[in-house]
Amino acid sequence: MVPTNYYLILSAILFGLGIVAFVFKRNIITLFMAIELMLNAVNLAFVAFSQSLGKPDGEVFVLFVIVVAAAEAAVGLGIIILTARNRHSLNVERVNLLKL
Amino acid sequence: MTAPLIIFFVLAAVAVFGAVSLILQKHPIHSALSLIVVMVALAGLYLLMGAEFVAAVQIIVYGGAIMVLFVFVIMLLNAGEEERTNLSRLATYAGIPLALALAGFIAAAIARSGGYLPAPAPNGALTSTKTLSMLLFTEFVYPFELTSFLILVAILGAIVLAQREN
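Order-wise, the sequence lines are chains A and B.
Counting in our numbering, the first sequence runs from 1 upward without gaps.
Counting in our numbering, the second sequence runs from 1 upward without gaps.
Honestly, the hints are just simulated from the structure, not real lab data.
Just so it is clear, CB atoms sit at the ideal spot from N, CA and C, and this is done for glycine as well.
Honestly, I wouldn't trust all of these hints.
To give a feel for the contact side, a few chain A residues facing chain B, derived at Cβ under 8 Å [said to hold, decoys possible]:
#1 31
#2 35
#3 38
#4 59
#5 78
Working from the sequences, and respecting the hints, build out all of it.
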């Protein structure tokens with residue numbers, strides 16, 4: 001069988017790539033996708049621990065995380081549409097009204 | 001090398017490839033398709049671990065609903081290639097070292113935990129959907145009701161945000 005550590009290392013790699021994408025990308029929609037990638041990495045760790053400890057609790061939490069991600073995507077994409085309408089750009093550098 | 005290990009490495013390579021592709025692609029629609037590759041690979045890993053219901057939900061909700069929403073918004077806004085701008089100085093001098101430090105800490109923690117974690121149950125003992133639903137509707141019924149409330153608020157929020165002001 002696959003050791004639990006391998007899953008955790010993969011989860012850490014995916015989470016790190018999510019952070020890199022979040023820092024380096026400039027398109028506001030891609031930033032949102034980076035957040036989804038990080039949530040997926042955490043879900044992988046949840047399921048790995050759940051299987052490793054032999055308790056299904058972790059999988060129930062994954063379902064909650066997916067629900068929260070869906071709610072976040074719905075509201076966040078609404079905000080993105082509004083921002084794009086007002087600023088006429090999807091670049092996060094252009095959304096700087098609150099910047100000093 | 002046993003068969004599950006080979007499947008794991010193939011799926012892990014696909015997932016990492018998709019994540020790297022998400023970063024390297026210039027066009028948001030290509031990034032979205034890369035993210036779908038990652039999600040399908042993760043669903044395969046869940047099946048490998050014996051979490052059948054989570055794998056199905058991953059495909060249906062993540063790969064289906066959420067990503068369709070993303071692609072829909074990308075097309076609605078007619079998003080083109082992203083413009084490159086320079087990284088801020090804060091990101092260069094503080095952000096990258098801090099990100100490397102975080103990666104180091106996580107790697108060290110996982111490496112140290114090696115001996116304590118038991119391997120998953122052999123030959124993929126499936127967590128049955130029945131067990132999962134029993135747990136969801138007895139022990140976790142309060143968070144379950146809260147998430148339904150959260151979904152309701154999200155629907156209201158999306159409607160309020162999306163309507164045009166007259």
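Here's how the hints hold up against the structure:
no.	hint	verdict
1	31	10 Å, violated
2	35	11 Å, violated
3	38	10 Å, violated
4	59	5 Å, holds
5	78	3 Å, holds
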